[in-house]
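K.L.:
Each protein sequence line maps, in turn, to chains A and B. Going by my numbering, the final residue of the first sequence carries number 473, and the count climbs one at a time with no gaps. Going by my numbering, the final residue of the second sequence carries number 676, and the count climbs one at a time with no gaps.
Worth flagging that the hints you see were computed from the coordinates, not collected in a lab. Incorrect hints may have been included.
Using C-beta positions, here's what the derived DEER-type ranges look like [what the hints assert, rightly or not]:
(1) A:334 / B:536: 26 to 36 angstroms
(2) A:258 / B:668: 16 to 26 angstroms
(3) A:312 / B:611: 24 to 34 angstroms
(4) B:632 / A:285: 40 to 50 angstroms
(5) A:270 / B:660: 28 to 38 angstroms
(6) B:531 / A:49: 44 to 54 angstroms
(7) A:258 / B:664: 57 to 67 angstroms
Note that CB positions come from ideal geometry on N, CA and C, so glycine has one too.
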Amino acid sequence: MGKTIIEKIWDDHAVAEDGGQTILYIDRHLIHEVTTPQAFAGLKQAGRTVRRPEATLGVIDHNIPTIDQDKPIADPLAALQVETLRKNCAAHGIELFQIGDPRNGIVHVVGPEQGLTQPGMTIVCGDSHTATHGAFGALAFGIGSSEVEHVLATQTLLQKKPKTMRVQVEGSLNDSGGAITPKDVILALIGQIGVGGGVGYAIEYAGDVVRGFSVEGRMTLCNMSIEAGARAGLVAPDDKTVAYLKGRPHAPQGEDWEAAVAYWRSLPSDPDAAFDRTVTLEADALAPQVTWGTNPGMVTAVTGKVPDPNQESDPTKRATIENALEYMALSPNTPITSIAIDKVFIGSCTNGRIEDLREAARYAKGNRVASRVTALVVPGSGLIKRQAEAEGLDRIFNEAGFEWREPGCSMCLGMNPDILQPGERCASTSNRNFQGRQGRGGRTHLVSPAMAAAAAIAGHLIDIRGIEPAELD
Amino acid sequence: MEPIAIVKGIAVPLTRPDVDTDAIIPKQFLKSIERTGFGKNLFNDWRFVEGDPSRPNANFVLNQPRYQGAQILIAKGTFGIGSSREHAPWALTDYGFRCIVAAAFGDIFYNNSHKNELLLARIPADAVERLMAEVQEHEGCELTVDLPAQTVTSPAGLSISFDIPEDTKRRLLEGLDDIAITLRHQADIAAFEERRKSTHPWL
Chain A
1 MGKTIIEKIW DDHAVAEDGG QTILYIDRHL IHEVTTPQAF AGLKQAGRTV RRPEATLGVI
61 DHNIPTIDQD KPIADPLAAL QVETLRKNCA AHGIELFQIG DPRNGIVHVV GPEQGLTQPG
121 MTIVCGDSHT ATHGAFGALA FGIGSSEVEH VLATQTLLQK KPKTMRVQVE GSLNDSGGAI
181 TPKDVILALI GQIGVGGGVG YAIEYAGDVV RGFSVEGRMT LCNMSIEAGA RAGLVAPDDK
241 TVAYLKGRPH APQGEDWEAA VAYWRSLPSD PDAAFDRTVT LEADALAPQV TWGTNPGMVT
301 AVTGKVPDPN QESDPTKRAT IENALEYMAL SPNTPITSIA IDKVFIGSCT NGRIEDLREA
361 ARYAKGNRVA SRVTALVVPG SGLIKRQAEA EGLDRIFNEA GFEWREPGCS MCLGMNPDIL
421 QPGERCASTS NRNFQGRQGR GGRTHLVSPA MAAAAAIAGH LIDIRGIEPA ELD
Chain B
474 MEPIAIVKGI AVPLTRPDVD TDAIIPKQFL KSIERTGFGK NLFNDWRFVE GDPSRPNANF
534 VLNQPRYQGA QILIAKGTFG IGSSREHAPW ALTDYGFRCI VAAAFGDIFY NNSHKNELLL
594 ARIPADAVER LMAEVQEHEG CELTVDLPAQ TVTSPAGLSI SFDIPEDTKR RLLEGLDDIA
654 ITLRHQADIA AFEERRKSTH PWL
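Extracted from the complex, chain A is given alone in its bound form (with noise of 0.2 angstroms):
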């Protein structure tokens, strides 16, 4: 029997086993200012040395100011854990994106970029959203502090294999005239099969709809597969992944290059292998999705209702559904559309890439954000703020009102500045709406990047299918 995409990585990386685990090489490993203060700090109290510098890249973006960055950190303790991840990074020899570098951003939009990211390989990140990098074909996973350590120390890790998963994700979005993203495509997705959905499993996504975003879009794809709870999703490598990494400073050159393509051309899962489970998402249907609750799975489509606890049968879902609304301050039955904000964020490594931008940009083009209304753009990393500027999509921003700001992880989790203020409602292209996330008492509505510009324009939530966006110059 054949194998699937997961199953050919997976093999090619098993160096042992031990105890029925395997020691998973690791081809490449990012680090930021958060995580990994511990990590160095047991490595030194063991004794012990980073195995592979070369391998690893660290990158400042979690709790950076995104405005005045060329000025010191304010905030004592962030400046602190900035200033250990340079020591730590300059002691050990490893490569560390400075502040006001412009290849310094969101460690999930970086590693692309920088053609870091390549099909086949194991990528891992002290981060849970590192299943981005799965959007070309690799095998990409958060992991916590200790294995953070473990990979300095060892470049492996000690893993269980993952079950598989397939999602395919059915029909066509040709219709939606690009209303439709991949952001409303996964948080459908998490809808359908529940926060805890994908525990325990890496999920391959697939179908035409998949074959049809361009590699960006399977960024954001993949990026939340954590939010049904698997570690890691990714898609087949194609011509699209080839021609995004073609000339990427960190992509192999020459002779590397087609050996590199031929391999990468050998991942995609064989006709006949089997996953443990297969789910399939319609996408003909599909309206753009909106976050009602406190976490991803309490989702709906823009053109329906908040939930009514009393059609809820089971007294835990009904339990949790009236903590969501009362935590939210919604009532139920209110129409997703009335719902007013107070802030939008377009950013993080959700949606905080070039494309996200612009699209958002052609709903902010000649309109004004509505006076009540505070919305950030927050570009993924200096080279996409350089390039949007190239672009005019600055000049769009600013002219309608929204922040242009400096690169970083942002308002996506407040570990810097940019937090909301208890009870203060967002519309948000980020990847969480928990309790907090934002800010203490803060109300989170997960959006694409169009709904989150149409939305700072209207002052509430709105279908942008009933909007005619700007063409951009």
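Knowing the structure of chain A, use the given hints to seat chain B on it.
P.N.:
Only chain B this time, still in chain A's reference frame:
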């Protein structure tokens, strides 16, 4: 790591399902560069009114006098979903928990916990309900989680088997360090790297 064998103690029922690691330890406490000291902020936004540590929320289960000194947490749904932050198990153990009982756990949280002397016992969802009911009914109810026997037992006579991978169990019982295990395979790793230089020269 210290070996774990049997955890016996007061159990706290956390009825909210699908608790995420953002709730376990909110992001404003992730700026520390230490592994310790997170217990005081465990479940911060639920435990304290307006997140203010001087104002305990009397309604939150951890603040009820009958559950003080608890070592076991029982939770519904999938516990520990979301962010990879190892600060979550650090906060749970720093507070005093030694075991979490739930029907399912987030994958990253699961791995992180077992590297931090926090035992996770996976039991069927209906058994979670029964245990929770007994704990809620009887003040001072102490459960026993027995790793060698892989059981959770209660004073009223419930005895529930839990599932744990054999190798994870062994490492917990023996207090083994993963990195030390892996470093026994240094020669294998070196040989693998050497082999890959010829098969995948671009890496």
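K.L.:
To test your reading of the hints: which numbers does this structure violate?
P.N.:
7
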